[in-house]
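Undergrad: What follows is the residue order along each chain.
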Amino acid sequence: MIALERIDTAGRIVHLVETGGRGVPFGDGHAIRERLQGFGLVASFEDPAADGAVAIETDFRHRWWIEAGKLRYEASFPHQWESVSDVGVYLGAALATCTWSPESTLRAMRLAAYELAVNSLEHGTPMHEGARVHLELQMGARKIQIVFTDECEPFDPKVADPGDPTARARDGANRGYGVAMIQALVDGMEHAPLATGNRVLFHKEIDR
Amino acid sequence: MNSNVQAHAFRVEAKEQDGKRVRLVLHGDLDADGAPILATELDEQLRAGTRWIDLDFRGVHFISSAGVGSLIAGIGEYRDEGGDVTLNHLSVEHRKVFEILGLSEYVNL
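Those protein sequences? They're chains C and P, same order as listed. Sequential numbering from 1 applies to the first sequence in my numbering. Sequential numbering from 1 applies to the second sequence in my numbering.
Since the hints were derived computationally from the structure, they do not count as laboratory data. Any given hint could turn out to be false.
[What the hints assert, rightly or not] Simulated crosslink set (DSBU-like; lysine-lysine; CA at most 30 Å straight-line):
1. Lys-143(C) to Lys-70(C)
2. Lys-96(P) to Lys-15(P)
3. Lys-143(C) to Lys-15(P)
4. Lys-70(C) to Lys-96(P)
[To be verified] Have a look at the derived ranges for each label pair, beta carbon to beta carbon:
5. Val-92(P) to Ala-68(C): 33 to 41 Å
6. Ile-100(P) to Asp-171(C): 39 to 47 Å
7. Thr-196(C) to Glu-13(P): 28 to 36 Å
Yeah, the Cβ is synthetic: ideal placement off N, Cα and C, and Gly gets one too.
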């Protein structure tokens with residue numbers, strides 16, 4: 001498995017190494033270029049370094065950094081169904097760096113972001129070709145915050161809410177549980193339609 | 001790396017049959033990609049005459065709303081035929097998913 005080893009401080013060089021199965025998967029060697037292009041990264045392969053690492057120059061849209069005492073992560077993905085699992089994997093990997101938070105909090109935030117991604121990627125109408133979804137993660141001492149932004153026609157969450165999940169279950173509904181799940185998982189959520197799409201901000205307190 | 005935040009492909013394994021009762025062991029992420037796999041399996045079992053399904057969730061990492069939906073729909077279909085689907089060995093976190101949705105009374109946990 002080719003996996004992410006490190007990102008240089010300028011955020012421009014991504015070092016990938018063969019990990020023998022451990023780490024955040026980037027796919028096999030053949031898929032690396034396509035996968036990075038799918039994230040909006042322009043990749044050019046260089047000769048492997050002496051330690052076996054492969055350095056790839058990128059137009060970077062996927063990074064971790066520390067700012068104002070918070071650990072931050074942002075990434076963008078193409079607005080396509082295949083990005084759903086990528087959102088889960090990469091956000092999950094980023095959340096895993098929040099070692100001071102209970103895992104239950106991290107799983108709740110990962111699930112909430114995943115549900116938002118599914119809603120956008122399944123129901124959202126892209127406003128232009130090449131539309132993307134964007135994730136911003138802030139992990140502070142007491143709170144984790146995620147901002148999910150898409151480039152789709154604005155929606156009204158009150159209209160989109162399908163209602164009581166128990167009533168839906170009695171009707172045998174196989175869909176429509178995502179909104180209720182998100183609202184129950186997080187401590188606060190705000191939606192704002194933008195000229196360029198939708199922005200949803202949600203957070204969860206870290207209970208230690 | 002916390003294995004709970006990695007993606008795991010969903011699959012159904014180790015089916016045990018006792019008359020019209022079948023035990024299915026689930027593995028991986030019961031998410032938007034895994035939910036149709038479970039729905040298909042439940043449908044095929046029902047068509048084959050199975051009426052009671054025992055689902056073993058010990059190998060399941062992640063349950064999304066799509067997974068919940070496939071379970072709810074399957075439970076409804078089996079109950080319409082006089083049977084049922086029970087959810088076994090759910091983790092505390094996964095049990096909470098059904099509780100926060102107000103479904104813990106509706107499903108057999």
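Undergrad: Of all the hints numbered above, which does this structure not satisfy? Sort the numbers upward.
TA: 3, 6 and 7
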